[in-house]
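Chains A and B, in that order, give the protein sequences. Residue 146 in our numbering sits at position 119 of the first sequence, and the numbers go up by one each step. Residue 624 in our numbering sits at position 337 of the second sequence, and the numbers go up by one each step.
These aren't lab readings, by the way, just hints derived from the structure by calculation. Among these hints, one or two may not hold up.
Heads up, simulated EDC-like pairs for lysine to aspartate or glutamate below, C-alpha to C-alpha not over 20 angstroms straight-line [stated by the list, open to error]:
hint, chain 1, residue 1, chain 2, residue 2
1, B, K620, B, D675
2, B, K613, B, D585
3, B, K428, A, D74
4, B, K356, B, D321
5, B, K428, A, E77
6, A, K415, A, D326
7, B, K428, A, E147
8, B, K620, B, D677
9, B, K428, A, D241
10, B, K621, A, E129
11, B, K613, B, D679
12, B, K621, B, D585
Quick list of simulated restraints, FRET-style, between CB atoms [stated by the list, open to error]:
hint, chain 1, residue 1, chain 2, residue 2, range
13, A, S125, B, D625, 26 to 34 angstroms
14, A, T351, B, K613, 54 to 62 angstroms
15, B, F342, A, N258, 38 to 46 angstroms
16, B, D357, A, T351, 42 to 50 angstroms
17, B, G346, A, R100, 24 to 32 angstroms
18, B, D625, A, R280, 39 to 47 angstroms
19, B, G426, A, D399, 29 to 37 angstroms
20, B, D357, A, R280, 54 to 62 angstroms
21, A, A319, B, P432, 34 to 42 angstroms
All C-beta atoms in this analysis are idealised placements derived from N, C-alpha and C, irrespective of residue type, glycine included.
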Amino acid sequence: MQDPTPSSRRVVVTGMGTISALGLDLPATWSAVIAGGTGIAPITRFDASEFPTTFAAEVKGFDPAVLGRKEHRRMDRVTQFAVVAAREAVASAGLDTSSAPERIAVIVGTAMGGIETYSENVRTLMAHGPRRISPFAVPMAIPNMAPGCVAIDIGAKGPNFAIASSFTGGANAIVEGARMIRAGRADVAVVGGSEAPITPIVSAGFAAMGALSDRNDDPHHAVKPFDLHRNGCVLGEGAAMLVLEDRQRAIARGATILAEVAGGANTADAFHQVALPDDGEGLVRAMRGALAEAGIAPDGIGYLNAHGTATEMNDRVEAAVIHTVFGADTPPVSSTKAATGHTLGAAGALEAAIAIEALRHGILPPTRNHDDDDPGIALDVIPNVARKARIDAVMSNSMGFGGHNTVLVFTRPA
Amino acid sequence: MTDSAATPNAPAAPPHARRVVVTGMGAICAVGNDVPAVWDAIRSGRSGIAPITRFDATGFETTFAGEVKDFDPAATLGRKEYRRLDRYSQLAIVAAREAVAQAGIDIASDPTRVGVMIGSAMGGMETLEAGVETVVTQGPKRVSPFFMPMMLPNMASGNVAIDLGAKGPNFAAVSACASSAHAIGESLQMIRDGRADAIVAGGSEAPITRMGVAGFNAMGALSTRNDDPAGASRPFDAGRDGFVLAEGAAVIVMEELQHALDRGATILGEVRGYATTDDANHMVQPGPGGEGIARAMDLALADAGLTTTDIQYINAHGTSTQLNEKLETEGLKKAFGDRAYQIPLSSTKSMTGHLLGTAGSLEAVITLCAMRDGILPPTINQVTPDPDCDLDCIPNVARAVQATYAMSNSMGFGGHNVSLILGAASTVPASR
Chain A
28 MQDPTPSSRR VVVTGMGTIS ALGLDLPATW SAVIAGGTGI APITRFDASE
78 FPTTFAAEVK GFDPAVLGRK EHRRMDRVTQ FAVVAAREAV ASAGLDTSSA
128 PERIAVIVGT AMGGIETYSE NVRTLMAHGP RRISPFAVPM AIPNMAPGCV
178 AIDIGAKGPN FAIASSFTGG ANAIVEGARM IRAGRADVAV VGGSEAPITP
228 IVSAGFAAMG ALSDRNDDPH HAVKPFDLHR NGCVLGEGAA MLVLEDRQRA
278 IARGATILAE VAGGANTADA FHQVALPDDG EGLVRAMRGA LAEAGIAPDG
328 IGYLNAHGTA TEMNDRVEAA VIHTVFGADT PPVSSTKAAT GHTLGAAGAL
378 EAAIAIEALR HGILPPTRNH DDDDPGIALD VIPNVARKAR IDAVMSNSMG
428 FGGHNTVLVF TRPA
Chain B
288 MTDSAATPNA PAAPPHARRV VVTGMGAICA VGNDVPAVWD AIRSGRSGIA
338 PITRFDATGF ETTFAGEVKD FDPAATLGRK EYRRLDRYSQ LAIVAAREAV
388 AQAGIDIASD PTRVGVMIGS AMGGMETLEA GVETVVTQGP KRVSPFFMPM
438 MLPNMASGNV AIDLGAKGPN FAAVSACASS AHAIGESLQM IRDGRADAIV
488 AGGSEAPITR MGVAGFNAMG ALSTRNDDPA GASRPFDAGR DGFVLAEGAA
538 VIVMEELQHA LDRGATILGE VRGYATTDDA NHMVQPGPGG EGIARAMDLA
588 LADAGLTTTD IQYINAHGTS TQLNEKLETE GLKKAFGDRA YQIPLSSTKS
638 MTGHLLGTAG SLEAVITLCA MRDGILPPTI NQVTPDPDCD LDCIPNVARA
688 VQATYAMSNS MGFGGHNVSL ILGAASTVPA SR
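So here's chain A without its partners, still in its complex pose:
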């Protein structure tokens, strides 16, 4: 079944799964996104009363016992999310993972892995000394256990690792999975991102940078991407996993093809640990690189899911970059982070899944909480209300601390 000339192999998406503050599966997340809903609410996972920001986008109603009564206790929440999303993706792809399992790769992007496990064990160590640490502390905390446990759960024995690139990890996993299939290193790649950062230390750390919105009296309307009055992002949690597959293999087994992975590119700013260069040069290169690989002119993009964190700097620079790349004719752009929160290493994959749903359904998701245009931005941000549009290609942008930029282009299956 393997194409004799790997470089000519095309890669398609045949399954998707998500878990987010908007819902426990992709249909629930997608319907909430296009309805203009939000998953942002006061924090319940810890007592946030003394914290600068007291709200976040938490996954609700999730019972990790679905992973097994014993097994789930040995997984940090970041791994639980990854496994749940991978199961949905594999089921929706109708994929038999017991067939040629050594040809199935797993790559999961995550910014920080099992941070809850790690930080809780540091507290234990402080309070009770080194001999009270759980033997599961290290395996639960290390970021690669998300792809490791996905592999165990679905029996995938091919290439397997995690990607840490702060907030581009989920997008990078998709780029690398597609590359692996094109190079003939795998026939299927279960790829995406996962994050469970709603912990005291991460909340305090982002707040210390001034990155979080502190509109504590109005969580639902706090996050305002591209709006004149934006004042920061909000932490979100969840996972999104995609099944990527060699196109010939997918056709041969009669799989439903959801989209083609047409292009992807990853660049570095090499500029500053957390700040962006004003011209967003690295993101420009990533967007152009993804378009070039896809063989699509800028005007072929019908929808752009922006990184759009709702920080002053991100949205200003990203808007400038969009104008640089698209010229006067910018596509409709939205940031779904006002609905999902900023899911960090999961964001690139979650937003890829949302962009693919937009492509499939011909519905462009809105940017929630858009009240006042920022005259410095001048984009069509699909304010507040979803829009119908037949589109043939979508783009999804991700940027991260460390200067990472990753851009994906998906097209309607030919």
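Given chain A, put chain B in place with the hints provided.
Same frame as chain A, now just chain B:
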């Protein structure tokens, strides 16, 4: 040293249009603060393991580790800058600078074609632990704005890119103790694919923290031979009782062959083949029979266009845990058959300790030095042979063998297996 003859091989050209060579190497670890010092210690069989000084380890089950010594980050990185870098980022920058200086590559002339990929198992652990302590003792509003960018595991990769001005592909491969082996392997693929002409690749780790030691102690993974630190890491020996936690960074400059030839670079060796597999079996135990690592070795040889008869040295994962070496030995026999008994192999973790995410890249550097000088490094602390580990682990004393192709294996919690095939400089054409 003992002498042994090696048979030179003449295998076919590798089955990839773009070959990838190594033009620079950098390392900092318990046995030395640059590659010449590290290699001198390794070929001499010197251990870098000693009592822990980075924190008060009184009351911990294990009180020794492989610490970097005499490293002054303020002097090397700047008085202000070093404070904004977790130790694992500091070590990565030091190793990357050494590698790039040796390569003599002018990154500024084409920065978008030079990538960076620094793997790490854990990232900024020391920063993370201090941050949690701050939240608990002083409240959330006292956490530093530098906490997040210091802690994240991708920041070594990001900081090295900033330091060097490298604007190409950049992320951190994370796969526990196989992280930097993945970083080298995935960089190989990226250069073959044409996504970059050069990548500064490797790993960095600074895990000698209270949680690092307590966490691995809780698993029973660390040696507790507190009365004999230098004798504690004894891979393949029957008396092995766990690995020795260690810190450091190792980075290589990987470059497309023609790119290196065109600029007249000195070629140190070739990254000839790579494969990665997963056991999909257990969170922390290697797969039964060494099946996953054996499959990685088979696939890496195929990727390199070589066979088992071409390999003259293996740098084993060899952590010094009971289970690892038993299963790794089974995996080697599965992949190499009877030839497994004829190939000298060693675990240099016997001297360096286990650098977790850095292990794969440090061992690649050591393997390249071994092929350059025709000296295979020993596995030290071999006292009592283990009948389950009956391969030739070059016990205690280095051996003069001119290897032209070597294999370096890495395995990580999570079931990750990586096998790299490295070629000596003599296997690379001087022009084409």
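Legend entry - Hints violated by the structure (numbers, ascending): none
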